[in-house]
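Student: Take a look at the letters that make up each chain.
There are 2 protein chains.
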Amino acid sequence: MVKQIPIVENILSANDEIAVKNRRRLDEAGVYGINLMASPGAGKTSLLEQTIQRLSGRLRVAVIEGDTAATSIDAERTEKAGAASVQINTGGNCHLEAHMIGMALDQLDLNAIDLLVVENVGNLVCPAGWKLGTHRNVLVASIPEGDDKPYKYPGMYHNVQTLVINKIDLLPYVPFNMDFFQKGVAALNADLTTFPLSCASGEGVDAWIDWLVSAVEAHRANPAG
Amino acid sequence: MVKQIPIVENILSANDEIAVKNRRRLDEAGVYGINLMASPGAGKTSLLEQTIQRLSGRLRVAVIEGDTAATSIDAERTEKAGAASVQINTGGNCHLEAHMIGMALDQLDLNAIDLLVVENVGNLVCPAGWKLGTHRNVLVASIPEGDDKPYKYPGMYHNVQTLVINKIDLLPYVPFNMDFFQKGVAALNADLTTFPLSCASGEGVDAWIDWLVSAVEAHRANPAG
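The listed protein sequences derive, respectively, from chains W and S.
This note's numbering numbers the first residue of the first sequence as 19 and each following residue consecutively.
This note's numbering numbers the first residue of the second sequence as 19 and each following residue consecutively.
Any given hint might turn out to be false.
Note that identical chains are pooled: a pair holds if it fits in a single copy or bridges any two copies.
[Claimed, not checked] Below 25 angstroms or equal to it, Euclidean Cα-Cα: the simulated DMTMM-like pairs (lysine to aspartate or glutamate) are:
{"no.": "1", "residue 1": "Lys39", "residue 2": "Asp166"}
{"no.": "2", "residue 1": "Lys39", "residue 2": "Glu67"}
{"no.": "3", "residue 1": "Lys39", "residue 2": "Asp197"}
{"no.": "4", "residue 1": "Lys98", "residue 2": "Asp165"}
{"no.": "5", "residue 1": "Lys201", "residue 2": "Asp132"}
{"no.": "6", "residue 1": "Lys201", "residue 2": "Asp187"}
{"no.": "7", "residue 1": "Lys98", "residue 2": "Asp127"}
{"no.": "8", "residue 1": "Lys98", "residue 2": "Glu221"}
{"no.": "9", "residue 1": "Lys98", "residue 2": "Asp197"}
{"no.": "10", "residue 1": "Lys149", "residue 2": "Asp132"}
{"no.": "11", "residue 1": "Lys201", "residue 2": "Asp127"}
{"no.": "12", "residue 1": "Lys149", "residue 2": "Glu235"}
{"no.": "13", "residue 1": "Lys39", "residue 2": "Glu94"}
{"no.": "14", "residue 1": "Lys201", "residue 2": "Asp166"}
What the hints contain is simulated information worked out from the structure, not anything from laboratory work.
One chain only, chain W, in its complex shape (with noise of 0.2 angstroms):
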């Protein structure tokens, strides 16, 4: 028999009076805005770099992008794929908050722009708890990262509306029961709109891309929706 010891703990924010306000200023610009989370090396940046490149031409997207440290390697590589970047150290934060958004989005010519991905510190816990005035969450699961992750991090596969399943060209190497992951994700998250993709073959990325558009498109057409 495992012993089992429950730790509760509540976390309360006023967070969420600022996120009230990023939304509006979102909303105000007709700005679709994103909070795209995953565990460190899931893929993020990666996405970010295909769905720049892919979105060129049909929508113009910033990013802003929370590290923990002084590095601006993400940034750098989303600025270069050619999206306006704005990057926060959080200093050793584990995760963004609403009055960090707040002080990028005034780095960020707001009317310039149609979708807003903010890429968060690489964690599984911390993040899923922070609202930041986004319009979705997104999660980039990965194939390598092991199929038992949403019965372990349940937090965050219940607080997101979309999920990518990423690196699925790894599928034939590691072990990955992708009925079992399903199972887990479906009982936290029923309605979980969910693409597997790669992004170094580029498999599956045009689904994500098309959906990424129409939420853009319908946000435009109904902002306070």
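Based on the hints, put chain S in the right spot on chain W.
Tutor: Below, chain S without anything else, positioned relative to chain W:
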């Protein structure tokens, strides 16, 4: 030019006092303690399974499993592999703290074990800041996470004394520049003991096991050293 916004937060904690008490309990029982950290899916539990099985008959191992959710997937795996296992459910909290370890130690017969491995919550940020009372911090990196992780999570890479690089069997299938990775590691932590290995193929695991046995023996010879 990428714009940068620095946000700095200091975390101080009375946690360290409890960590000192935990350390004393381990030392008095002659138990060597390891704090095993990694991002989600790097292979901490797979490494533990391999470790427990290969140490069978040589060292008596116990495991404290930290999970954010009420799942006992990992603790069941380590118990099945042959180690007394205690599961801590942090109730969504993103890291283990010393008081949680103290509660878990109450559940173990410390005089019946040689090696205690604490499997921390899968997270490359938060666990690095919390002393538990163990003797050594061990980080499990993994090849598919990418070679930029030391640059992006310097707090963790700076704060460990041993580094396992898992999933080297995937090197042919993913982009990973080992020189770039090692250069990033060396800049943060020149004295790190490093073990490249694959829990899937078994390659390199023996060197890790040999090091572990000698670390336990060195501690037994000089618990306060």
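Student: Among all the numbered hints in the text so far, which are the ones the structure does not match?
Tutor: 1, 2, 3, 5, 11 and 13
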